[in-house]
Amino acid sequence: MKANSLINAIVLSIIVSSFAIAQAQQGGTLTYCESEFPRSYDPITSTDDIVNIRMTTMMYEGLFAYDIDRQVRSRLAESYSVSADNYEITVRMRRGRHWADGREISARDVAKTIEAILSSGNIQEQRLISDIQEVQLINESTIRFTFENPLPEDVMLRKLTFKLLPAHKINNLPLTRQSEIARNPLGSGFYQIVRRGPTDIMFRANPYYRRRDGGNSGPLIDEVRMYVQADIGTQIEFLLNQQVDVLVEIPPPSIARLRAAGFQIKPYESLSYHFIAFNFNKNLLRDRRIRQAMTYGFNRENALDRIFQNQGTLISGPFPPASAFYVRDREAGPYPYDPSEAIRLLTQAGFSERTADGTRVNNRGERLAFTLVVPRFEGDDYTPRVTAQFISDMRRIGISINVMELEFEQWINRVKYEHNFDLAFAQVVFDEAGNVAPLFLSTNNQPGAENFISYMNPEVDELIERFKRTIDPSERININRTLHRLIREDTPYIFLWSLNKNAAANQRVRNFMTRVTPFSFFDYLNEWYIRDDW
Amino acid sequence: MKTARTILKEILIALLILIGTTFTIYLLLGQLIYEHDDEGVRTTPSFISIAVDYGDWVSNAVVKGDLGHSAAINRDVSEIIGYGFRQTFILVIGSLFVSVLIAIPLGVIAALRSNAWFVRFIIPGTYLFSALPVFLLAIFIRPFWVQHFGILDWYAEIPLSRMIGYYGIPIIILGIADGVVGEMVKHVREIIGGLIRENYIRAAIARSAGVSKHIVKNAMLPIFTIITSRFSYALGGALIVEYIFFSQGISIVALDALKYRDPYVLLAIGMIFSLLIVAANIINRVLTVAVDPRTRS
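Chains A and B supply the protein sequences, listed in that same order. Okay, so the first sequence: first residue is 1153 according to this note's numbering, each after it adds one. Okay, so the second sequence: first residue is 1093 according to this note's numbering, each after it adds one.
Isolated chain A, as found in the complex (with noise of 0.2 Å):
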């Protein structure tokens, strides 16, 4: 009897701590800052836009997305079959899904996002799909891609991973920013705007959203309140006073006092990396022994430490050390901070002599002097001291550099349009499919295209045309990680560093971040939640 009643207890006990549990995690407001507005509400119409690609990760879904372990996973996908050729994939699509509005997803959806991206001016989404030669609906529920070549399972995968837009709120192609899918948004995925504030955006729960493992409950949190705010030193005081849960990055210095203040900080990888490119069509750039002499002057290991408090990863080539191509070997990491053998280069190369101002020049007179052309965005304070450290350890070595500050736009247009530059500081997103054709591949330098360096080297254009004819995984890796040494060897960059970001959070936001792919911050937000009585 005695023990009966002890079980009794227990369970009863069990049942209502769950209960208790339970009531705590569901309910609450997220409120998180950003710098300014996003420049459109769809994940299509706007390119280069880190508020908009968080914003829209809340509210739309793609076929196939990546997981935290940077493995491509089943979303709006309940199957795929890929031909033994490799030339096709057909995918089934999980059937009662729906877009807020209550409309079923289907596969004309993904046909029309298709056909809205290639008409959209995204380079970014419309290179991931470029390989799709055609869209085959077979069903309401299954859709059928044909490629151009084979293509392992993981690539095909990867390139569907676009979001999908409701197919009966695009009237009009070309898709832009005027129209209506853009103004406003309509997905499938965990929240969509409810209201857009004179300063903020709120989000609501999708009620029609299901969990992936096709379970019925949505998002925990009831509403996400995007805060925008300019200043850094404002939004840090509005978490220290708890007017605001999360900021989706915190600078480096701010990293201790917040920790300390007992807040719960998660670093995250940026997925990008910045390098100082050299400019092919200059000639003395085009000698290997200068370009790496000025690698080995730049002391980076000393700039990542003091400028960015060791907040990321030095990186030795085209591929992070995160991806499945980057070579561990000590011959292939970094290039150390050697300034003598800079000198002994620089000697080599028939630069022994030195003018009255430090720099060296050699027996034609041609001077070692460049300039670096620089973007400038608001509110970064790190390049300007990264390029002062720049060109002090190249003055050290008898380089000087003179520094050229434009805002983006211009410097998109000098640097990638018109090419006219020696160096210019520049940052890239890595491939996740490991394609570094766009960057490096000799025909890919047409004007606004991204080797806009001139980069030409027949062996590492032959590296990655085979990449791209190879579908056996192994070998793929084999190859990218034969490229990495050889661009690591001619230094058409001098790679700098991948940074982590910091994103911090109060005590409230439970989950926080236990999960977080690359750039898709809030790719896990259905499991956050809020704990009231912290």
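One should not assume that every hint holds.
[Claimed, not checked] Beyond 12 Å from chain A on every Cβ pair, some chain B residues (computed): (1) I1103; (2) I1117; (3) K1156; (4) W1246; (5) S1324; (6) L1347.
[Claimed, not checked] Below, a list of computed lysine to aspartate or glutamate pairs in the DMTMM-like style, where the Cα atoms sit at most 20 Å apart: (7) B:K1351 / A:E1518; (8) B:K1351 / A:E1559; (9) B:K1351 / A:E1557.
In case anyone wonders, no lab produced these hints; they're calculated from the structure. For each residue, glycine too, the CB sits at the ideal point set by N, CA and C.
Could you slot chain B onto chain A? The hints should help.
Just chain B, lined up with the frame of chain A:
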């Protein structure tokens, strides 16, 4: 009758200035407008077509209140700048009010009781405190402001005390820092000091006749000129205060519009500023005429 005619003349001149200014802005921003409308394809529109488009834009603005669409943040311009102007003008007008409220009594006291012991402390103290830069004072006071007022929910009912603190602190900072009050006190002191040294005032004092009426009347015009001249200066200072305290004040909106080459936002801001400057000139003129009948001719 003569006054009415003067005012009418001023309004007509102001209208011409307004049309000229906005059309010039339209011409200057035309490149961006056409570039944007043609989805990046650059065209060279004729003067006539620009003039016709300008006419359309003005009629839409005046008749429908439609100021165009912001390409940068994908919202209607009127939606963006309405809130921005409200924030900025509360800040600027409020700060001018604070400056006047502090500076005029202090300036008058300093002029009338220049040898009093407290004047020797109050005036240098005011100069010193007022000399603090806006950004320094703003950053220093920000934690207190955030803690007590911070983010407002414009869709909920906001208690008056919170609203007063929310605007009051930035207004006071803009109203006193950057040497604003110090400079105003100095000017008021000089004006009043100059007046009480005038022979007719000294004679009136000698006769024990009332002089305050004469002093107020003669000091009003130069003091009013100082206040109006502070207006554009305060707008400049508002940029820093808005950046630190408020989100989306008009100067932040204008900066973003410049950054993203957002023509209709710039055009609307340019037009409204022209309108305000012209209106301020008219008010200034009307008040001048009212205060000093000699200026009527």
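Outcome of the hint check:
no., hint, in the structure
1, I1103, "holds, 32 Å"
2, I1117, "holds, 20 Å"
3, K1156, "holds, 18 Å"
4, W1246, "violated, 6 Å"
5, S1324, "holds, 22 Å"
6, L1347, "violated, 8 Å"
7, B:K1351 / A:E1518, "violated, 38 Å"
8, B:K1351 / A:E1559, "holds, 8 Å"
9, B:K1351 / A:E1557, "holds, 15 Å"
Hint compliance for this structure: hints 4, 6 and 7 are not met, and every other hint is.
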